[in-house]
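Asks: Protein chains in written order, with UniProt numbering: chain B, 1 to 201; chain C, 1 to 201.
Bear in mind the hints are in silico, worked out from the structure with no lab data behind them.
No experiment lies behind these values; they were computed from the predicted model shown.
Please note that a few of the clues may not be correct.
Any copy will do: because identical chains look the same in the list, a pair fits if it lies in one copy or spans two.
[As the list claims (entries may be wrong)] Calculated lysine-lysine pairs in the BS3-like style (CA-CA distance at most 27 angstroms, straight line):
1) Lys39 to Lys12
2) Lys169 to Lys39
3) Lys12 to Lys169
4) Lys12 to Lys38
5) Lys56 to Lys12
6) Lys169 to Lys19
There are 2 protein chains.
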Amino acid sequence: MSKRIVGPEIEKLIQLLAKVPGLGPRSARRAALHLIKKKEQLLGPLTVAMGDALEKVRVCSRCGNIDTVDPCMICSDPRRDAATIILVEDVSDLWALERAGAMNAQFHVLGGTLSPLDGVGPDDLNIRGLVSRVAEGGVTEVIIAVNATVEGQTTAHYVTDQLADMNVKITRLAHGVPVGGELDYLDEGTLTAALRSRTAF
Amino acid sequence: MSKRIVGPEIEKLIQLLAKVPGLGPRSARRAALHLIKKKEQLLGPLTVAMGDALEKVRVCSRCGNIDTVDPCMICSDPRRDAATIILVEDVSDLWALERAGAMNAQFHVLGGTLSPLDGVGPDDLNIRGLVSRVAEGGVTEVIIAVNATVEGQTTAHYVTDQLADMNVKITRLAHGVPVGGELDYLDEGTLTAALRSRTAF
Ligand SMILES: [Zn+2]
Ligand SMILES: [Zn+2]
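Assemble the whole structure, with the sequences as input and the hints as a guide.
Replies: Below is the structure:
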């Protein structure tokens, strides 16, 4: 607030909440007020949970996932297919694929995409870690599940080159019509891809 | 997440973030991930700010505002016009009016509206506190700035009755066309009120 009508502690809380994705300045004020009103039920427990996360959360040294243990729960789960690695840009993509629950594979998180203009080169991504994991042996397939953007596809090509001499199958997600998606909202590239990859009915 | 793929600490953090107004389950996941990634810049400072709020924020015993001091900064500001009290439902309304900066008056926060169906009676609202403040003397005007809802107006009438025998002027916010508002989006009640209260051009 331009005019100081609340103590600096509340002001600070609002400012920081406004940096949380999904909350702007206006909703940060509303969120702060709600948190303060629900001191016992929400503000207290959330403060504890954030302190816990602050203390315990770490990046998995094997796959780049985020968890409270290292290696993460996915890397250390013996029931997962260790021969298949799904390569994603970000932990949020890993979570999304896990929610879909389509595969019981391992993951590898790149931490972004190649973007020379933004100064993001191969060494800024977790590519070397992937090559090491494949080099260790036992991996038969890497499924490239990066975003279907220009940067994502550039990165996919670079990774494919790095793995070219290794005895591993490299696949990527199918393009097509999203389930429940309406055709006339889709771009021509998607429609063309969906037609070319058509399957028997 | 239905399937446990992150430690219980992160799960808990996501669950609690989902209860913050403005964040749903999906944005809570995104927010949690962002907070974890920005450990030093955001998660740490926000945890501290929330701990501070938890410890220091209290309800002003005089007006019902929320602040880190009691009486609040507004109540204890000698430059404010102590003869005028603006009556609002909620602290968020107080903040909104303060941001508008239209008046340098005192406030009084009711903490809701009368709502017999929800079991909210006069004693559940901060009405007695308002009557005491007026009874102390020195207050010449109470501006009723409750919402223009049925509950708000019922509450306004009840408060007016309580103050009827006291030597204080009771006013309310003008109805009219919102500044920048388009007429054909406004309801008939607002348009009628705006016409009746028309002013010289
Ligand atoms: Zn891992
Ligand atoms: Zn106060």
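Asks: Decide, hint by hint, whether the structure agrees.
Replies: Do the hints match the structure? See the list:
Taking CA atoms no more than 27 angstroms apart as the test, Lys39 paired with Lys12 passes in both settings, with 17 angstroms inside one copy and 17 angstroms between copies. For the homomeric pair Lys169 and Lys39, neither the shortest alpha-carbon distance inside one copy (53 angstroms) nor that between copies (37 angstroms) is at most 27 angstroms. For the homomeric pair Lys12 and Lys169, neither the shortest alpha-carbon distance inside one copy (51 angstroms) nor that between copies (38 angstroms) is at most 27 angstroms. In this homomeric assembly, Lys12 and Lys38 come within 27 angstroms of each other (Cα to Cα) both inside a single copy, at 18 angstroms, and across copies, at 17 angstroms.
In this assembly of identical chains, Lys56 and Lys12 lie within 27 angstroms of each other by CA distance both inside one copy and across copies; the values are 25 angstroms within and 13 angstroms between. Proximity of Lys169 to Lys19 under the C-alpha cut-off of 27 angstroms is found in neither arrangement, the shortest distances being 42 angstroms within a copy and 44 angstroms between copies.
Hint check: violations occur at hints 2, 3, 6; the rest are consistent with the structure.
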